[in-house]
Amino acid sequence: MNNIIEITSLRKNYGEIKAVNDVSLSVNKGEMFGLVGPDGAGKTTMIRILCGLIIQESGVVKILDKDRSQSRKEIQKNIGYLSQKFSLYGDLSVDENIEFFAEIHNVKDYFKRRDELLDFSRLKPFRNRIAEKLSGGMKQKLALVCCLIHEPKILFLDEPTTGVDPVSRRDFWKILSKLLKDGITIFMSTPYLDEAERCNRVALMNAGEIIALDTPQKIKEKMNKQIIEIVCSPVRIAYQAIKRNTMLEVQMFGDRINVVVENYKLELPSIKKALTENKVQITDERIISPSLENVFMHLIKDAE
Amino acid sequence: MNSIEVKNLTKKFGNFTSVDNISFNVKQAEIFGFLGANGAGKSTTIKMLCGILEPTLGDAIVEGQSVAKNPDRVKQNIGYMSQRFSLYNDLAVGENLDFFGGVYGLSNQKLNERKKWVLKIANLEGKENLLTGSLPGGIKQRLALGAAVIHQPGIVFLDEPTSGVDPISRRNFWELINELSSEGTTVFVTTHYLEEAEFCNNIIFIDDGKLIAEGNPKTLKTKYLDKPILEVECSSVIEALVILEKSPFVDETSIFGNNIHIIVNEKYVEEKQITALLEKQNNITVKKISKIVPTLEDVFIHLLEMDKKK
Amino acid sequence: MNLNRTRAIAKKEFKHLMRDVRLLAVLVFSPVFLLGVFGYAVNFDVHHIKIVVYDKEQSKISREFINGLTQSTYFDLIGYISDDSYIREVLDTKKAQCVVVIPVDLSQKFYSRQEAKIQYLIDGVDGNTANIIQFYVTAATYSFSSKLSSEVLARSGMRSFLPLNFEPLFWFNPDLKSTRFLIPGLIAMILIVTAAVSVSLSLVREKERGTIEQINVSSIKTSELLIGKTLPNVLLALLNATMILVVGYLLFDVVVKGSILLLFFCTLIFLIACTSIGILVSVISDSQRLAFSIATSLTMLPSFILSGFVFPIESMPVTVQILTNITPAKFFIRILRAIILRDVGVYAFWDQLVYLILFASALLTAAILIYNRKEKNN
Chain D
1 MNNIIEITSL RKNYGEIKAV NDVSLSVNKG EMFGLVGPDG AGKTTMIRIL CGLIIQESGV
61 VKILDKDRSQ SRKEIQKNIG YLSQKFSLYG DLSVDENIEF FAEIHNVKDY FKRRDELLDF
121 SRLKPFRNRI AEKLSGGMKQ KLALVCCLIH EPKILFLDEP TTGVDPVSRR DFWKILSKLL
181 KDGITIFMST PYLDEAERCN RVALMNAGEI IALDTPQKIK EKMNKQIIEI VCSPVRIAYQ
241 AIKRNTMLEV QMFGDRINVV VENYKLELPS IKKALTENKV QITDERIISP SLENVFMHLI
301 KDAE
Chain Y
305 MNSIEVKNLT KKFGNFTSVD NISFNVKQAE IFGFLGANGA GKSTTIKMLC GILEPTLGDA
365 IVEGQSVAKN PDRVKQNIGY MSQRFSLYND LAVGENLDFF GGVYGLSNQK LNERKKWVLK
425 IANLEGKENL LTGSLPGGIK QRLALGAAVI HQPGIVFLDE PTSGVDPISR RNFWELINEL
485 SSEGTTVFVT THYLEEAEFC NNIIFIDDGK LIAEGNPKTL KTKYLDKPIL EVECSSVIEA
545 LVILEKSPFV DETSIFGNNI HIIVNEKYVE EKQITALLEK QNNITVKKIS KIVPTLEDVF
605 IHLLEMDKKK
Chain U
615 MNLNRTRAIA KKEFKHLMRD VRLLAVLVFS PVFLLGVFGY AVNFDVHHIK IVVYDKEQSK
675 ISREFINGLT QSTYFDLIGY ISDDSYIREV LDTKKAQCVV VIPVDLSQKF YSRQEAKIQY
735 LIDGVDGNTA NIIQFYVTAA TYSFSSKLSS EVLARSGMRS FLPLNFEPLF WFNPDLKSTR
795 FLIPGLIAMI LIVTAAVSVS LSLVREKERG TIEQINVSSI KTSELLIGKT LPNVLLALLN
855 ATMILVVGYL LFDVVVKGSI LLLFFCTLIF LIACTSIGIL VSVISDSQRL AFSIATSLTM
915 LPSFILSGFV FPIESMPVTV QILTNITPAK FFIRILRAII LRDVGVYAFW DQLVYLILFA
975 SALLTAAILI YNRKEKNN
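In the order they appear, the protein sequences are chains D, Y and U.
For the first sequence, the residue numbers in our numbering are 1 to 304.
For the second sequence, the residue numbers in our numbering are 305 to 614.
For the third sequence, the residue numbers in our numbering are 615 to 992.
Do not take every clue at face value.
Said to hold, decoys possible - 30 Å max Cα-Cα, derived DSBU-like pairs, lysine-lysine:
{"hint": "1", "chain 1": "D", "residue 1": "Lys265", "chain 2": "Y", "residue 2": "Lys595"}
{"hint": "2", "chain 1": "D", "residue 1": "Lys85", "chain 2": "U", "residue 2": "Lys625"}
{"hint": "3", "chain 1": "D", "residue 1": "Lys66", "chain 2": "D", "residue 2": "Lys85"}
{"hint": "4", "chain 1": "Y", "residue 1": "Lys424", "chain 2": "D", "residue 2": "Lys243"}
{"hint": "5", "chain 1": "D", "residue 1": "Lys124", "chain 2": "U", "residue 2": "Lys709"}
{"hint": "6", "chain 1": "U", "residue 1": "Lys629", "chain 2": "D", "residue 2": "Lys73"}
{"hint": "7", "chain 1": "Y", "residue 1": "Lys576", "chain 2": "D", "residue 2": "Lys220"}
{"hint": "8", "chain 1": "Y", "residue 1": "Lys576", "chain 2": "D", "residue 2": "Lys279"}
{"hint": "9", "chain 1": "D", "residue 1": "Lys133", "chain 2": "D", "residue 2": "Lys85"}
As the list claims (entries may be wrong) - Label-pair ranges, simulated between beta-carbon atoms:
{"hint": "10", "chain 1": "U", "residue 1": "Asn618", "chain 2": "D", "residue 2": "Asn28", "range": "31 to 39 Å"}
{"hint": "11", "chain 1": "U", "residue 1": "Ile919", "chain 2": "Y", "residue 2": "Phe317", "range": "45 to 53 Å"}
{"hint": "12", "chain 1": "D", "residue 1": "Ser26", "chain 2": "Y", "residue 2": "Thr321", "range": "49 to 57 Å"}
{"hint": "13", "chain 1": "Y", "residue 1": "Phe317", "chain 2": "U", "residue 2": "Asp957", "range": "57 to 65 Å"}
{"hint": "14", "chain 1": "Y", "residue 1": "Glu575", "chain 2": "D", "residue 2": "Ile237", "range": "49 to 57 Å"}
{"hint": "15", "chain 1": "Y", "residue 1": "Glu429", "chain 2": "D", "residue 2": "Glu151", "range": "48 to 56 Å"}
{"hint": "16", "chain 1": "U", "residue 1": "Val642", "chain 2": "Y", "residue 2": "Leu435", "range": "38 to 46 Å"}
{"hint": "17", "chain 1": "Y", "residue 1": "Thr321", "chain 2": "U", "residue 2": "Ile919", "range": "54 to 62 Å"}
Claimed, not checked - Residues of chain Y clear of chain D, computed beta-carbon distances all greater than 12 Å:
{"hint": "18", "residue": "Asn325"}
{"hint": "19", "residue": "Ile365"}
{"hint": "20", "residue": "Pro375"}
{"hint": "21", "residue": "Asp376"}
{"hint": "22", "residue": "Arg377"}
{"hint": "23", "residue": "Ser390"}
{"hint": "24", "residue": "Ser411"}
{"hint": "25", "residue": "Lys424"}
{"hint": "26", "residue": "Glu464"}
{"hint": "27", "residue": "Asn482"}
{"hint": "28", "residue": "Lys514"}
{"hint": "29", "residue": "Thr526"}
{"hint": "30", "residue": "Phe560"}
{"hint": "31", "residue": "Ile593"}
Hints are computed from structural coordinates only; laboratory data are not their basis.
No residue lacks a Cβ here, since even glycine has one placed at the ideal position from N, Cα and C.
Could you put the whole structure together from the sequences, leaning on the hints where they help?
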């Protein structure tokens, strides 16, 4: 059993909207799989189907070699789900929250596991604190601990780092890497492409469909384009000037713009001309290897 | 000219000091980044600047009005938008705008003019009757920002406006922020995504209610981080991160995409130290090690770690 | 069904109840407060009817008659009037509920052995009270009249004789106190409203917070979730019921004549029926506001109007009589009256218990079916 999750021709509609449109993919045992896409791409719907919270219109989902719609009980025992909302009971303490989730999963002897989880999430000093009074990062960790108490084999994370500061995000990723080492398979959705870079494999999703699926490295290689990065100011004017005058694909990144080209030697002169004509001051220009974010924006553009 | 002047602003809840004697200025029409970890006191500060919460000590002058003395006057001159609450999902687009316009005292011709403007910036012209809840996230966000400035305030506060939003929508949103600022509106914004903070003209960092750093993105990167910072590209990123974290020549570690950034100390001499540690002892392939100019995120994490050590 | 998981839900629910002290205080004390308010306000006993007398004759007989009236606690003599034109004013301004007009020829008619007529002008706005006033004045007039006639007969050396008289004996509520009759109804109404509302809110709250997702993703069964949610609320409602009975005894002298154990057992069955309403409501609604309004409107009015609490079901039109089955309060009130007032055993009302059990099972089944369908399609 190498594919821990196997999805075939999955569909789910909400009225006219095709939230998930004929998606097939498989997830390897022990990998971290990232589902990336813009808002409304169907990421959450996918995860909710996989977790058995909603039922698909058609298609087959197999988890741990069992049919999702037939072996619900067996599957639920082996999965954990962290939703966007960090479902916790604000009026219960850290310990009580964990205890509750242990009990509804019918875990009898959870004390040792609880202590371990509290230790490595560094929540132990706060175990008697009411969940409401925890900071955002701690709430997120507690929510994660709650869905790990029954030792699931697969962990589903729906946009887990939304609204969490960089330091807490880093801690969170450390916990995830420990889980991976323990052999847990992680299936996560995220709108952040820097996080997607860390996944073993990534599926880019747009308008209910998978538009790319591979390792981040291969996805980037497949783009087969060059990226010119130009640090300049004002960035906005530069962006519009290149768009208007060259018909090239331009992406804005903070204080710089990226231009997607086939061959930089051919295109660079016309780009520079457009910029100087519009009185844009160029600080730096260089060729960079495409990031997942470059690829993503490129692909979404194609899809439109 | 200053849009906000904060002087010794302090807020205590019982024994707990949420905001501890902070002072800073925000210039007219600039994009001002307000950064800090969760629970650092950002929301409390914003609430005080908006005139919702009374300061325990100190004062802030927002658009010429004192938040301590005239909180109600302050409220008339500001706009506010957050990720948590912005619009009523069960009302139509037009109804939401009528509501917010009405709350800020707009009527008749003025209201219609401003509604048209908001619909234009949100790309919702002719779609006033759509239910707000049915809009895609990015559009809804633009609409929320439009609603927050429907009364043309001098300053708008954005509390984590792009949290949970995909890169494309986030870009479009920042374009809109730029537009507002170039039209003369001061934008006061908090975010957890530090690549966004690079767009800001000026930034302050707070931690535990105290101001720990301020300046423009360029000075922050040079002034507060004097040690060398290296980017390590390797396999098993997080595993490598945990190993590097414990090694004596590394002060701090953080993770960027699938690269690791490390701040090294005087015990670090050459790249071999890293390759030896990762490749020989732990079987991790190192692809590239390069010295880099720090990003704001490097600075941010560094400042927080320093503050914790104190 | 897994008892551990059910207990886990119940335990957590119990903690939620204990943690919010203000809410807990409201839940525990509001039923008693309601009982106090209702018990004193909803009272159909009529005493101290305010009367005004227009004595046109002012004779010995008329004074005797007035004395007879005012000696009972039923009537309070407010004053006399001396002109027809005041009658209207007295009734209009509600100075009196009844004006007694004694004709100018009362004595004359009496001595000439003719029938004299005493006129009672009763404020008929409140039909119920007016009926009772009419009953009292009729009785008063009748007794005065027979007293007079026996005096007359005695004077002529004969004993008076009435071929038939009546001696009503009111069982179960000997002095016909309406509170005694109403308290079972109040208990039913208060319990059904509080139990249904609190249960419906607790499940909807999880939907609003999003915590329901984590529960759904575990292997817990819908029945385990719903039963676990219900248990603490049923216990709380049982506490409420006990407090109401104690307060009912202290304030309104309502004594439980029958078996307390039987009473609690029946109350438990009733509460399960009530909470099943709450569960069905919470399955249907997605916001606490909606759940609250549906739960109150499904329980409050039906248990007041259709349960036999105030208005006898037997005198309702047939279609309405059928409609009365929508409220479990109807069955419970019959049981309560049987136990509290009559001290009868389960043989007298077992059919009502069966109704309650059927009611609860039907609603719970519907709730589970709807929940399973709804949760999986959005």
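Mind checking the alpha carbons of Lys124/D and Lys709/U for me, to see if they're no more than 30 Å apart?
Violated, at about 75 Å.
Using the C-beta atoms of Glu429/Y and Glu151/D, is the stated range 48 to 56 Å upheld?
holds (53 Å)
Cβ-Cβ distance between Thr321/Y and Ile919/U: within 54 to 62 Å?
About 58 Å separates the Cβ atoms of Thr321/Y and Ile919/U, which means 54 to 62 Å holds.
Distance restraint evaluation - Asn618/U, Asn28/D, Cβ atoms, bounds 31 to 39 Å
At roughly 34 Å between Cβ atoms, Asn28/D and Asn618/U fall inside 31 to 39 Å, so the hint holds.
Between Lys576/Y and Lys220/D, is the straight-line Cα distance small enough, at 30 Å or below?
holds (29 Å)
Holds or violated: the 45 to 53 Å window for the beta-carbon distance between Ile919/U and Phe317/Y?
50 Å Cβ-Cβ, so the 45 to 53 Å window holds.
Keeping to a limit of 30 Å between CA atoms, is the pair of Lys629/U and Lys73/D held or broken?
With Cα atoms ~28 Å apart, Lys629/U and Lys73/D stay inside 30 Å; holds.
Has the hinted range 38 to 46 Å been met by the Cβ atoms of Val642/U and Leu435/Y?
holds (42 Å)
Cβ separation check - Asp376/Y to all of chain D, threshold 12 Å:
Its Cβ never comes within 12 Å of chain D, the nearest being 30 Å, so this holds.
Holds or violated: is the Cβ of Thr526/Y farther than 12 Å from all Cβ atoms of chain D?
holds (15 Å)
Hey, is Phe560/Y genuinely clear of chain D, shortest beta carbon separation above 12 Å?
violated (6 Å)
Would you check the hint for Lys85/D and Lys625/U, treating anything up to 30 Å between C-alpha atoms as holding?
holds (23 Å)
Violated hints for the displayed structure, listed by number in ascending order: 5, 8, 14, 26, 27, 30.
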